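Peer 1: If you want this note's numbering, it's the 1-based position in the sequence shown plus 331.
Hints in this document: simulated from the structure, not taken from any laboratory.
Remember, predicted model here, so these are calculated numbers, not experimental data.
Heads up, the beta-carbon is just placed ideally off N, CA and C, and yes, glycines get one too.
Take every hint as true, because none was put in to throw you off.
Just the calculated beta-carbon pair ranges, DEER-fashion: (1) 363 <-> 611: 39 to 47 Å; (2) 459 <-> 663: 17 to 25 Å; (3) 459 <-> 591: 49 to 57 Å; (4) 448 <-> 606: 17 to 25 Å; (5) 424 <-> 596: 40 to 48 Å; (6) 506 <-> 363: 40 to 48 Å; (7) 339 <-> 622: 40 to 48 Å; (8) 453 <-> 671: 26 to 34 Å; (9) 604 <-> 334: 39 to 47 Å; (10) 604 <-> 628: 21 to 29 Å.
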Amino acid sequence: MSGTLFKIRGIALFFAQVFLTLKGAAYFGKFISPLLLFLAFIDLFFLYLSYLVHYGVPPESKVTRRHAVVGFFMGAAAVALCIPACRQLFRSVPHPVDFSDVLPQLEFQYDSFLQGKMPYRPMVLPHSRPFPVYMPMHWLPVSLSRLAHVDVRWCGLAVLAIVNGVYGAKVWSTRSGLFFRMLAISLPPFVLYGFVQWGEREIAVSLETVVAGYYLLLGAALWHRRLVPVALAIGCCLLSRYTLIFWLPLFFLTLWWAKGLLKTAQAAVIVLVMLLVGYILPFLLRDPSIFLTGLAYHNSAAEYEWEYGAWSFETGVYFAPHIHALLRGSFTYQVFVARALQATAMLLIFFAGAAGYRRWRREMDVFDFGLAALYLTIFCFYMIGPLTYRYYMITPLVLASVLCARMLCGGKPEKTGSFAGQKNK
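Hey, can you work out the whole structure from these sequences and the hints?
Peer 2: Structure follows, in structure tokens:
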């Protein structure tokens, strides 16, 4: 397949994913839409792997100060173009607490931390008594909105704008044409714009843009292939949502094979220090029960959703409706089966990923492979889990945009191998 066909097919799959996430259930129903979405995700994954094996690592491109400034401005400006649409959406949902308890929990955790109180403790809302479980890097950006005296929801847009600027600096340093660089920079903001325009009130009642920003940062760092930025981005992702922990064993194993034990240990130490400073020492050691309490709360929320609401079933972004339709028994049992399937998928990704990297390690860089494995892990985790709100899908879609950008702006590659059996000499 030529490089042009890789680009066209990748972009087509990216836009198909955005469409199916936001409009798939309306056109195909809650049972067919997840199947189509999964096929679009998995097709992009294999397309990206095929690209890596056929074309290998692109020529190294140094990020000069000029590239960094121009790229950062272009990336941040692309997100800023969504401000009018976001403002209109936020005004249409002036009281997010009427629809979701996510934002009140995040604000409660930040305010508790600011007052020297424990952020992980029960709180009281008009319609519920939740136990906040959000990680520190998810609620600490609330400080941006408080400092600017604006609606708390703007801090998510600020984080995404800053990170898209960093990502834009990397894109702008590539040797691709102007059109492809502009297109690559615009892909993450298009995900945001799609949710604002067609995702009903998803963005207005959550701060998932913060989490998506950290994963975009990790995607850009993996593309940049520098160990310290990758380790720092991993720390940010882990401190915002624990999902990344299912990708870490595969990444550190392949990093060990590719770079040796010393560099792997260096990256692990950076991540561990961030976890110790950001979560373990100030919060977990203070009350060791909060982690298990949080997991129990999340499971009970999933069971409640399955038994009384199942609103998330109607969005057509995951396989819970299929599991629910096929199983008999209590809702606790059904949620347990969904968790077991999710865990099985994570194990399969680890073992298949390790075997696959051993097979094609000469044809691809470990960081490029890590990006592919990250994308696969995140979208499988969300699509096979027991409770996935549609706004969670912002993160895998943002990662999909990085995979597409890597194919759009990979430079002028030299063929190094293929799935047909060619190998490096």
